[in-house]
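The residues making up each chain are set out below.
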Amino acid sequence: MKNLYYIALVFLLSACELMPQSKEIVYDIREIGTLSTTEYTVAKVVKLDDEHGIWEIWEKWDDIRSWTKFGDRKILISCRAKIKAGIDLSKIRKEDIKINGNSINIVVPTAEVSEFSMEPKYIKTEVESVSWFRDHFTQKEKNEFLKQGEKAIREDIENSGIYSNAEYEAELFITDFYKRQGFEKVIISFEKRNE
Amino acid sequence: MRNEMNERKRLVRNLLVSVILIIAIYLGYQKLSNYFSPTLVIDETSLQIESIESILEISTVSYTGEAVVDSVEFYNEDFDWTNISDWWNVKDRLDHPDIKRRLTVIVKGEAKFGFDLKRESFRMETEGDTITVTIPKARLLGIESSPSKTEVFQEQGNWTDSERKQLEYKAIEKIKSSALNLELEAEAEDAARKLFSKLIVPNKKIIVEVN
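So the sequences go chain by chain: R and B.
For the first sequence, our numbering gives the first residue as -17, with consecutive numbering after it.
For the second sequence, our numbering gives the first residue as -1, with consecutive numbering after it.
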């Protein structure tokens, strides 16, 4: 009888299991028009200290979640990201281009991140320390920390000068592009950046 | 004699109850720990800029794809009631009786097709009212992937970083080969023609040639 229950349980559990197939879904194919002019390579250390000693539990005694863990876990992951920035040429409208004889005045959109890549080969766990009572960091947890690291990189890059660099390089290209068309004076102005 | 037998029975019963209680507490602790897992927040660290490079790339077609890759390892033997190490994994064996380890990763990636004008030739010649733009052949410029576009969908058992990375590489390769199979280079060249026509002043005739 007991065996029957066990078999029934096994069938029930197997029925509940999610079985994703190895497949690929085409999402989207679209026309774009991005001119990338600058590439930054940046590095960041993703650091997490998950301390749950007696003191930490005492400090957070009103938070029931802290009671279920005891012991420390620490992790250091080094990662590298490649970020390209440039301008979206497809956003330039007809009314943004004004011609006056041999002079052309063009308003172009502000620079933005055109590509952000954090390849797995540039991600490395440098230190991982887990005390006896705690579970090791799962791959799911590590990916969550990396997501937070990516968010921090995206925020920090805003103040790195990447946009001014990208705009400067884009200005050189556009000036050359219109001078080759025979214009003597090319005036480029960038749209106002949304703060 | 009878008392001694009763004592023994009581001892065995108490021992059994204790073992069941320990197992129940252990499983309860595991369930509680997972249920009440607080969101862990990483510490603030500085960003280090390693290099800045001038590039000149025009991307005209973007392909976004998603790949699911799965790795499964099955138990070679049935549950051995006399083996302590099997009892150690009893929770996993009850949840997934056949599967020893499983990792499923979903990766979303964006492939961009276009032109690298710094490395390949780009010419522009004006003759009267006609402008001839010569662009290089379109190619796959790169695949964008990052942790925010990666999801560890299912994880059972212990997995190393390199094993997870292998699955991610496999997913990226799948996206890359799907993008290449669609032969989007011609579409990228058409999109470039449209883009240049839009940028060149209206009273001129434009010819875009692919080298």
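One should not assume that every hint holds.
Stated by the list, open to error - Stretch by stretch, here's where chain B covers chain R in the computed footprint (C-beta under 8 Å, at least three residues):
(1) 9 to 18
(2) 116 to 126
Claimed, not checked - One-sided and incomplete, this derived list gives chain R residues near chain B with beta-carbon spacing under 7 Å:
(3) E21
(4) T23
(5) V27
(6) K29
(7) E33
(8) V95
(9) S99
(10) Q163
By construction, these hints were calculated from the structure, which means they are not laboratory data.
Glycine residues also receive a C-beta, built at the ideal position from the N, C-alpha and C atoms.
The hints, checked one at a time:
no. : hint       : in the structure
1   : 9 to 18    : holds (count 10)
2   : 116 to 126 : holds (count 9)
3   : E21        : 5 Å, holds
4   : T23        : 5 Å, holds
5   : V27        : 5 Å, holds
6   : K29        : 4 Å, holds
7   : E33        : 11 Å, violated
8   : V95        : 10 Å, violated
9   : S99        : 5 Å, holds
10  : Q163       : 6 Å, holds
In summary, the structure is inconsistent with hints 7, 8 from the numbered list given earlier, while agreeing with the others.
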